[in-house]
Amino acid sequence: MKWRTIFSSKTMGDDEEVKVFGMWASPYSRRVELALKLKGIPYEYIEEDLSNKSALLIKHNPVHQKIPVLVHNGKSIPESLVILEYIDETWRNNPILLSQDPYDRAMARFWAKFIDEKILSTTRKVSFTTGKEQEHAIEEVTEQLKLLENEVKGKAYFGGEGIGYVDIVANFLVFWFGNLQEALGINIFSQHKFPFIFEWIQKQLKIDMVDECRIPKDKHLTYIQTRLAAFKSASK
Amino acid sequence: MADEDVVLLDFWPSPFGMRVRIALAEKEIKYEYKEEDLRNKSDLLLKMNPIHKKIPVLIHNGKPVCESLVQVQYIDEIWPHKSPLLPTDPYQRAIARFWGDFVDKKIYGLESRKVWSTKGEEQEAAKKEFIECLKLLEGELGNKAYFGGENLGYVDVVLVPFYSWFYAYEKCGNFSIETECPKLIAWAKRCMEKDSVSKSLPDQDKIYDYVLHLKKVFGIE
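As given, the protein sequences belong to chains F and U, one line each in that order.
When we follow the UniProt record's numbering, the leftmost residue of the first sequence carries the number 1, and every step to the right adds one.
When we follow the UniProt record's numbering, the leftmost residue of the second sequence carries the number 1, and every step to the right adds one.
For the record, the hints were derived by calculation from the structure and aren't laboratory data.
Mixed in with the good hints, there may be bad ones.
Label-pair ranges, simulated between beta-carbon atoms [stated by the list, open to error]:
hint, chain 1, residue 1, chain 2, residue 2, range
1, F, G74, U, L44, 29 to 35 Å
2, F, R92, U, F11, 35 to 41 Å
3, F, N187, U, K216, 42 to 48 Å
From the derived model, a few chain U residues whose C-beta atoms are all more than 10 Å from chain F [claimed, not checked]:
hint, residue
4, W12
5, P90
6, F98
7, A125
8, G149
9, I185
10, L214
Subject to a maximum C-alpha distance of 20 Å in a straight line, what follows is the list of computed SDA-like cross-link-like pairs (lysine to any residue) [stated by the list, open to error]:
hint, chain 1, residue 1, chain 2, residue 2
11, U, K53, F, E135
12, U, K106, F, V63
13, U, K54, F, Q144
14, F, K146, F, E135
From a predicted model like this one, the values you see are computed outputs, not experimental measurements.
The beta carbon of each residue, even a glycine, is placed where N, CA and C say it ideally should be.
Make a model of the complete structure from these sequences and hints.
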């Protein structure tokens, strides 16, 4: 059963003003940039200092006051998953990020939620706990990653034939997660343990726009270490 | 439409389940409702939602869809002609999804549970945040009859099940939601005038009894 496409069809070249309020080390922010780059949508990027949020950011996202926020011709859209669907529905050129089929769309949304509400949430626990609590969080995130591994097994992309919504949401695995575990001095995620995810990563790296959204490793390691040190001293 | 086989695995007090009941009722879809005992989950539930093992699970022609916000969107897309829940404009859709996400994080989240499951300072802090979040929703509703405009929309379906829990929250937290958020209560009562909503929500006294039972089970005063 096909769900009719009933949105406006915009392509590059229309009078568009697209801005992204983001943060270079945020996987949520990088997702939005990746989607825009894949669609060939030019945008102005505004780097936010999260310790000193700009008045503009607060104006565009008064409820959560967080990045990323997409501002399209003055209209603000916060929350990365909401933004991704907005991008796909507004600019209907390739790559189409979400399938036309309602069941496939439901599966894609399910996995995006799983990534955000389970994997990334548990990863936060891994970063900000120690001892037994951290051990437990590491076990939990390993099990969650195994479920994701199973989902990409035998596929070139999560969505099937080309890069799509779930691949973009899972982009945190390409650079961000590896950097984080190195900074933490742990080894949850390896080619040996997750061969299919690693194979998927290799395919992702072949896409220019994915590489353009690379989080620079050394800068990222320093950033994480600074944040962890600040957190530790704050919790003493 | 060809013969559709629709099954809903659910648990009567679950506001997540209520969302799906309302969406199916709005679309006038006949379905089989199966009540789950969460202390003794059925093989069907475990097979259809192996990852989370939770209700609600919507099974459409044998294929499972999990997570209530995903289910409501799926229902809206499979049966688009009757009572459309999401608007057609991409920006309006984004606003609706944003508020749906807000409801999940702030109204249905773990923090809001503290309104009934804690006491003292912790409870007061939870009540304050809960009311602030409801007021933000009131602001979003504005002067509209429903979040969806003139008819029930996605955000209405996502939020209104919680109305059945308000009485329990008020009794446990010793406060009046209507005093704090009269417009929101007026909206909820307006939604309850619709069969699709009133027949999908359990009686608020039953929910209060259930909350008291939960408190006993978890050893909460």
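Evaluation of the provided hints:
{"no.": "1", "hint": "F/G74 to U/L44: 29 to 35 Å", "result": "violated, 49 Å"}
{"no.": "2", "hint": "F/R92 to U/F11: 35 to 41 Å", "result": "holds, 40 Å"}
{"no.": "3", "hint": "F/N187 to U/K216: 42 to 48 Å", "result": "holds, 45 Å"}
{"no.": "4", "hint": "W12", "result": "holds, 24 Å"}
{"no.": "5", "hint": "P90", "result": "violated, 4 Å"}
{"no.": "6", "hint": "F98", "result": "violated, 5 Å"}
{"no.": "7", "hint": "A125", "result": "holds, 19 Å"}
{"no.": "8", "hint": "G149", "result": "holds, 17 Å"}
{"no.": "9", "hint": "I185", "result": "holds, 21 Å"}
{"no.": "10", "hint": "L214", "result": "holds, 23 Å"}
{"no.": "11", "hint": "U/K53 to F/E135", "result": "violated, 24 Å"}
{"no.": "12", "hint": "U/K106 to F/V63", "result": "holds, 11 Å"}
{"no.": "13", "hint": "U/K54 to F/Q144", "result": "holds, 16 Å"}
{"no.": "14", "hint": "F/K146 to F/E135", "result": "holds, 17 Å"}
Hint violations for this structure: numbers 1, 5, 6 and 11, all remaining hints satisfied.
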